[in-house]
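Peer 1: Sequence:
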Amino acid sequence: MSIFLNKNSKVIVQGITGGEGTKHTALMLKAGTQIVGGVNARKAGTTVAHKDKSGNDVELPVFGSVTEAIKETGADVSIAFVPPAFSKDAIIEAIDAEIPLLVVITEGIPVQDSAYAWAYNVDKGEKTRIIGPNCPGIITAGQAKAGIIPGHICKEGRIGIVSKSGTLTYEAIHQLTRNGLGQTTCIGIGGDPLIGTSFIDALSLFAGDPATEAVVMIGEIGGNAEQDAAAWIKTNFKKPVVGFIAGQTAPPGRRMGHAGAIIAGGKGTASEKMEALEQSGVRVVKSPADIGAAVEDVLR
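Residue 285 in this note's numbering sits at position 284 of the sequence shown, and the numbers go up by one each step.
To be clear, the hints were calculated from the coordinates, so they are not data collected in a lab. Please read these numbers as outputs of a predicted model, since none were measured by experiment. Careful: at least some of the hints might be erroneous.
[Stated by the list, open to error] The calculated PhoX-like cross-link candidates involving lysine-lysine, where the alpha carbons are at most 25 Å apart (straight line), are:
{"hint": "1", "residue 1": "LYS8", "residue 2": "LYS235"}
{"hint": "2", "residue 1": "LYS156", "residue 2": "LYS128"}
{"hint": "3", "residue 1": "LYS72", "residue 2": "LYS156"}
{"hint": "4", "residue 1": "LYS8", "residue 2": "LYS52"}
{"hint": "5", "residue 1": "LYS156", "residue 2": "LYS240"}
Assemble the whole structure, with the sequences as input and the hints as a guide.
Peer 2: Here it is as structure tokens:
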């Protein structure tokens, strides 16, 4: 089982001919993702050469729009490797095409552009699920990935991961692979102030996935998404959750990498988030090095 993405997902790449799009298309194919084409209006009608998981040569068609790509390939997932200045238009194009899932990797998208795109999606009926921006994307271990999470560190297993942090997602994956628990689906939701998919969105789907026996939730300072998730977990989520909050020693007013990771007005501190999670029954660890052992413990 999985959430959002599986081996049958048909993926297109917005920005497939760019440097990042080229590199990560190759890596997604290597991970077994069924990539069926890409989008670049200026290079529509051409193809790009890659190799599939088995090392066979593949020619992926480049389309002029997401709508055309869906019509010709039946794609149901798009991943956008588009520079920040053009990301709003790329997101709106995917929304207009009503693609079911859009993963936005791009970092540095202006907040006002994200706000406009999210409001546009609501006006259109929210037919497109957006993950990101400023995120590593999503991977279902052993099946497919739409993003930049390293496929070789993943192993099919029993644990779901939802995280604001890219590198800490990789650390959690590594520990779960090393201890033999493996992963079902791992989602990097991104660390911007405005994101398309929340902790609660992911947790609600993990709750209904019989293959997911426990969830690792990685948050960070800034905002109140973790507190909202804690309240939701207390009332609705019955599976074990292991939590970690990054930025425990961050001084107020200092941005810690992610655009949303800033303590402002005394709110959004790590201690507030950790306390809220603990009160909701989440097993909170103080070091990311303890995530794997904590998951083993809560499953006993």
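Peer 1: Hey, LYS8 versus LYS52, does the alpha-carbon distance stay inside 25 Å?
Peer 2: 17 Å, holds
Peer 1: Take a quick look at whether LYS156 and LYS128 sit within 25 Å of each other, Cα to Cα.
Peer 2: 31 Å, violated
Peer 1: Is LYS8 close enough to LYS235, meaning Cα to Cα at most 25 Å?
Peer 2: Violated, at about 32 Å.
Peer 1: Assess, step by step, whether the Cα of LYS72 is no farther than 25 Å from the Cα of LYS156, and give holds or violated.
Peer 2: 33 Å, violated
Peer 1: Has the given pair, LYS156 with LYS240, been kept, meaning a C-alpha gap of at most 25 Å?
Peer 2: 21 Å, holds
Comparing the model with each numbered hint stated earlier shows that hints 1, 2, 3 do not hold.
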